[in-house]
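Engineer: For reference, the chains in residue letters:
Number of protein chains: 2
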Amino acid sequence: MTPIRPVFIVSDHTGITAEIIGKSLLSQFPGEAFATESLPFVDSLDKAEDAANRIRDAWKVSNLKPLVFSTMTDAAARSVLEASGALVMDVYGHFLAMMIGELGRPAVPVKGQSHSASDAGAYHGRIDAVNFSLAADDGLATQKYEQADLILVGVSRSGKTPTSLYMAMQYGLKVANYPLTPENFEQPGLPDSLKPYMAKLRGLTLRPERLAEIRSERRPNSNYAALETCKRELDLAARMMRDAGVPVLDSSARSVEEIAALLRQSLLKGAR
Amino acid sequence: MTPIRPVFIVSDHTGITAEIIGKSLLSQFPGEAFATESLPFVDSLDKAEDAANRIRDAWKVSNLKPLVFSTMTDAAARSVLEASGALVMDVYGHFLAMMIGELGRPAVPVKGQSHSASDAGAYHGRIDAVNFSLAADDGLATQKYEQADLILVGVSRSGKTPTSLYMAMQYGLKVANYPLTPENFEQPGLPDSLKPYMAKLRGLTLRPERLAEIRSERRPNSNYAALETCKRELDLAARMMRDAGVPVLDSSARSVEEIAALLRQSLLKGAR
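Residue numbers (the numbering used here), protein chains in the order written: chain A, 2 to 273; chain B, 2 to 273.
Warning: the hint list may mix true and false statements.
Said to hold, decoys possible - Below, simulated EDC-like cross-link-like pairs (lysine to aspartate or glutamate); rule was C-alpha separation at most 16 Å, straight line:
no., chain 1, residue 1, chain 2, residue 2
1, A, 66, A, 33
2, B, 232, B, 251
3, A, 48, A, 75
4, A, 145, A, 129
5, A, 270, B, 38
6, B, 66, A, 103
7, A, 66, A, 38
8, B, 270, A, 38
9, B, 66, B, 83
10, B, 48, B, 83
11, B, 232, B, 210
12, A, 66, B, 103
It is worth saying that the hints were derived from the structure and are not from the lab.
Generate the whole structure from the sequences, applying the supplied hints.
Structural biologist: If you want it as structure tokens, here you go:
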């Protein structure tokens, strides 16, 4: 059995950045076993000392040097963590020093800038975008399409809603989504509510087998979930998009984050 | 006028990790002006060469050495970026070397592990959580509360929905939310649908002025948005939570990420 190495995510704020970095790096060592503990809001020297003690304790128990991914804006608190002897990988400790060298001015250590509400404009923009995407989910509020940055089009359960919400949350984009139902295929061309917005339409598709699987979770043994139905709807949707010249993305083997990043890139390219 | 320094986010995958790190570090230099460009999916040496050329061009135009935040799993592609002469801050270049030293084994460079669908279990868990949170939004699907990891309770517009969705997306937690309406205050005690789930209830509150502001955006000059109404509802909600012993979080000056991280911490503490 592989021994389990302790991993700590330590931050003086939410720990979201440190968590993402840690996850990303740990995944490059698939043969190792890790036990991860998050210690967010470690925002005083006392709390840093507590964290360092927990790290030392875990080391004693496991007999393996712990890995620490951290975002500590305060240099003194970083030193407290480092004094634990663990392998401390702190984004500020390393990259901030590089930046200070290049920019020739000191950093202003403000905790958790990237995940706080302090940049009020950008922050409210993201919340507005989430509210927009909820309001314009599943073909609702087509009268608001003028305000949308992007309108996702696809058959039922093709991944439109999570993608819309993720893009709103991560990028502050107002993303509407429009489901293609069997009725939409009875008329030639795009549904009327979509026609004025060609530049911001993007299609989502996926493999029929995957769609059947997803639909079966919702309505097992239904006509809706039958492989034949899925194939037919996906074919008709693909033809509609191709005829109208709407770019289409296949979500089968992609995560929401990947689809979101690809869609955003395609919007930026379209705007150039 | 402060000269504008070019910043590049370069990744062989979505660039989400590099973007978060860059944002976090740049925010520590409030006096500087930056122009950020994202170059995701730089997944070949040719594309890395193109990226390096764009970086060189931006340097010529601005006359300031560009900053590059990157997540490039391939060492050769990293070298291509570094050959641009810009200040390249690559998470893999630095921290991965530290980890290899400690773990005593090579890394397996898999692109974008942290934002791909490759960890299928965890990934589907997150999508399931998003679907759950959508289904159990705004007091819907109370019959599913048994499955919830967390049930947020608060008056209308207290920030329950974005928080629920964020926690589902980020942490894979199934978060339901229940709005307290004036009718709920006519009966003593918690609403019946909440009573069996004390351990997973958390309240959200905010300053009445902020609530009135938010409600006014939705229904200007309404009784619903009046400061008096907001004060009364918040008071009644606060009393209900206090009497029932439900922990409450104030979202007034906090971002969704901060609230989410605090709530998660409070759930973990509750479980210990």
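Engineer: Against the earlier hints, flag every one the structure doesn't satisfy and list their numbers going up.
Structural biologist: The structure breaks none of the hints.
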